[in-house]
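Trainee: Chain by chain, the residues:
There are 2 protein chains.
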Amino acid sequence: MENRKIPYKIYLNEDEMPKNWYNVRADMKVKPAPLVNPGTLQPMTAADLSPVFCDELIAQELDNDTREVPIPEEILGFYKMYRPSPLVRAYCLEEKLQTPAHIYYKFEGNNTSGSHKLNSAIAQAYYAKKQGLRGVTTETGAGQWGTALSMACAYLGLDCKVYMVKVSYEQKPFRREVMRTYGASVTPSPSMETNVGRKILAEHPGTTGSLGCAISEAVEVATSNPGYRYVLGSVLNQVLLHQSVIGLETKIALDKYGIVPDIIIGCAGGGSNLGGLISPFMGEKLRGERDYRIIAVEPASCPSFTRGKFAYDFCDTGMICPLAKMYTLGAGFIPSPNHAGGLRFHGMSPVLSQLYHDGLMEAVSAEQTAVFEAAEFFARTEGILPAPESSHAIKVAIDEAKKCAETGEAKNIVFGLTGTGYFDLVAYEQFNNGTMTDHIPTDEELAVGLNALPPQPTF
Amino acid sequence: MENRKIPYKIYLNEDEMPKNWYNVRADMKVKPAPLVNPGTLQPMTAADLSPVFCDELIAQELDNDTREVPIPEEILGFYKMYRPSPLVRAYCLEEKLQTPAHIYYKFEGNNTSGSHKLNSAIAQAYYAKKQGLRGVTTETGAGQWGTALSMACAYLGLDCKVYMVKVSYEQKPFRREVMRTYGASVTPSPSMETNVGRKILAEHPGTTGSLGCAISEAVEVATSNPGYRYVLGSVLNQVLLHQSVIGLETKIALDKYGIVPDIIIGCAGGGSNLGGLISPFMGEKLRGERDYRIIAVEPASCPSFTRGKFAYDFCDTGMICPLAKMYTLGAGFIPSPNHAGGLRFHGMSPVLSQLYHDGLMEAVSAEQTAVFEAAEFFARTEGILPAPESSHAIKVAIDEAKKCAETGEAKNIVFGLTGTGYFDLVAYEQFNNGTMTDHIPTDEELAVGLNALPPQPTF
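Those protein sequence lines, which keep their order, are chains A and B. So for the first sequence, the numbering used here puts the first residue at -17; every next one is plus one. So for the second sequence, the numbering used here puts the first residue at -17; every next one is plus one.
Rather than coming from a laboratory, the hints here were simulated on the basis of the structure. Mixed in with the good hints there might be a few duds.
Copies of the same chain look alike in the list, so a pair counts if it fits in one copy or across any two.
[Unchecked claim] Under the rule of at most 30 Å between Cα atoms (straight-line distance), these lysine-lysine pairs were calculated in the DSBU-like manner: (1) K62 - K148; (2) K384 - K13; (3) K111 - K291; (4) K111 - K148; (5) K385 - K11; (6) K(-13) - K112; (7) K238 - K(-13); (8) K267 - K(-9).
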């Protein structure tokens, strides 16, 4: 192979790594709508939120103005254990696709939790520890967030209680064991340990659980146990703030070689990875400095951006959490059972929702067999077994690179490779055996959730 | 945390990466004994070996003299996809152990195959492709080698037939699916597809297989199908040559910061990782330039170095392979069923065996519960979930660091972290549940294999 000016993997030196998170809200002309109390329909104050969240995280959640937030030294120290993550030039993929496009991916799977979730997990655990708390509670679906939080808590000596969607708990025993190896307690949700769990089990005795239901349980346990708070791995503004480290590193690495992306692509479930990856680029776009095409890719079976409503909705099934204004399919929406992998949340980050609503980014949906085709092609070509979530971005990056092959344009395509698929091999097996199916919900199926949105605030 | 001169992770730039493999045999005064034909008890020639192995690999296998072997450009290109691997300063582990020792580990798990095996897999697949072959056959036990070879073959468009020890095939369906995702065919061994498989099944109808038996099947299939050759992930001289890239990178990284290791530690099953890690250091030792303590760590349940005999033995159960002179427990030895993870081969690399026999390195054995305790401690402290194999090295590195805490010596300890434990969570679950047990074979148990060694050559 010829000598290449741009290395396969662009790593930053320690002194090049970002020292601040970037808060994209500071540059948004239209700010994301505030969280709202479902009883009063008035914006939540810091005091309203403090039984649930850590104080410093509440401050971050509500702060729409501070552009640069210093990353505490202790978190920078932890980041050094697995960051910078590599920005990889996908030379092999380009060659296989015979495309003039230059493809880059930011690979966040090079840590034991296997995904980008660790970037926010360590931050949230750190602020909990700083506040003198005993522990934190959370929910997990596919398990990436729970694993990341368990690692962060083990590092800091915090107790960690994870409510894991029952179907995942049973189908992904290895995810559970990783969390236990890191010292976390893992409870299948719904459980008999909480009021909300008992209520849901009484109403739906055979239920295999949902993310929204596990959130309700984790929040109840946090608010009813002294010294505990609830933490969440996506959707929230604070999470996007912490995840901005992905985009900042990406931008520094690209700038180092004078590369300007034309298209930036990320998968979107609750928005944690996409929001982080795009943040500094979106900042330039918001400030009118530069334009980029930014594409969110979501599963056709859980299409909140492309088929949801932009409205206030509950984040949880138990309806004990604040309302958030977001693209939503309704808190009652549960993806079809044949849906593999994550990206199954009914809503979307309020920040990304506002940006999408304002026409600053695009969204497309992909069916899962096509996503796994892209995943397998990528694995064989680039050598990394991708998570199903990440493979949504791969699918669209390949589509865009193929378009370049037709037009002859040498576009720079950057996508987020959020994690590895080691714990998703049941789904890979279905794909390998040809038994994987797609499911695009009908309008009637979506109407159930969309027609049951809560009363909307009028402020 | 304070500013540190030595970064958490020492990465090499592309231009610092090794361009040659290093052949430690060139510096050995006493060369490893040659492979021998079990029928004639005479050394195997290249012509004898050519029905089984690729020509260029045979040349490498037999070459005890060439010190530096250029790494072909194509392989350097592939290495760039996942190399250099980081050399990590274990700051967190040092702090937790309160030791003045400086601990470094070379982490080879940052690729989808999850281990160092890929370094030799791509080399062997490359030479097979270069020879114009259609495909290769191999065996796999724990699955690291099979996964690595599948990835390498997918990259080069070679067919790959893997014979997987039946018990692993059944207990590790996810390993199997990764290999299938990379396009390999995976057959549980013993199978009805081969003469040797049928013979073993007839004699032992309920057998769950062994590595030695899977080797026999893979060799038979390679030699009876035109356009196929057999490849092996450990034991052989050629494998140690390819794996020298681990040690070379380690040495370059240490030299960059003026660090001289006092102790170098690696786990040892067939010797592929240990042989690669230590090679340039052993070279200095053999040339009298510098001294190092070098420690091999093996499972107490499969103790070839510490309780085996240094003698000619078969590498496979079916006794169709050449004889190798090595530390061996006898080709009939099968580790106790409670043994988790790899490192279950009855023999050991002839190169390492000779070096050990000549007093140039030490060997210790570790029991598996102690190994998993070290693994869990390491995971919680350093954030990486280690493979059980690698955890043998972790255990002894921690022991040595604790000794430094007692004596106050600031030794530099380097160990090989060969891979990740994502596919070993059944074993972690046993450990987490407190149901994992140890088994140290009795002298009587070992005598069965040790007393059945083949006739020894007299040349």
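Trainee: Now, for every hint given, state plainly whether the structure supports it.
Mentor: Hints and how they fare:
Taking identical chains as interchangeable, the C-alpha atoms of K62 and K148 are never at most 30 Å apart, the minima being 34 Å within one chain and 41 Å between chains. In this assembly of identical chains, K384 and K13 lie within 30 Å of each other by CA distance neither inside one copy nor across copies; the values are 36 Å within and 54 Å between. Taking the closest pair of Cα atoms, K111 and K291 never come within 30 Å of each other, the shortest separation being 37 Å inside a single copy and 54 Å across copies. Only within a single protomer do K111 and K148 lie at most 30 Å apart by alpha-carbon distance; the minimum there is 29 Å, versus 47 Å between protomers.
Taking the shortest Cα distances, K385 and K11 never come within 30 Å of each other, neither inside one copy (33 Å) nor across copies (60 Å). Taking the shortest Cα distances, K(-13) and K112 sit within 30 Å of each other only across copies (27 Å), while inside one copy they are farther apart (44 Å). With identical chains, the CA atoms of K238 and K(-13) are at most 30 Å apart both within one copy (12 Å) and between copies (23 Å). For the identical chains of this complex, K267 and K(-9) are intra-copy neighbours only, at 26 Å inside a copy versus 34 Å across copies, given an alpha-carbon limit of 30 Å.
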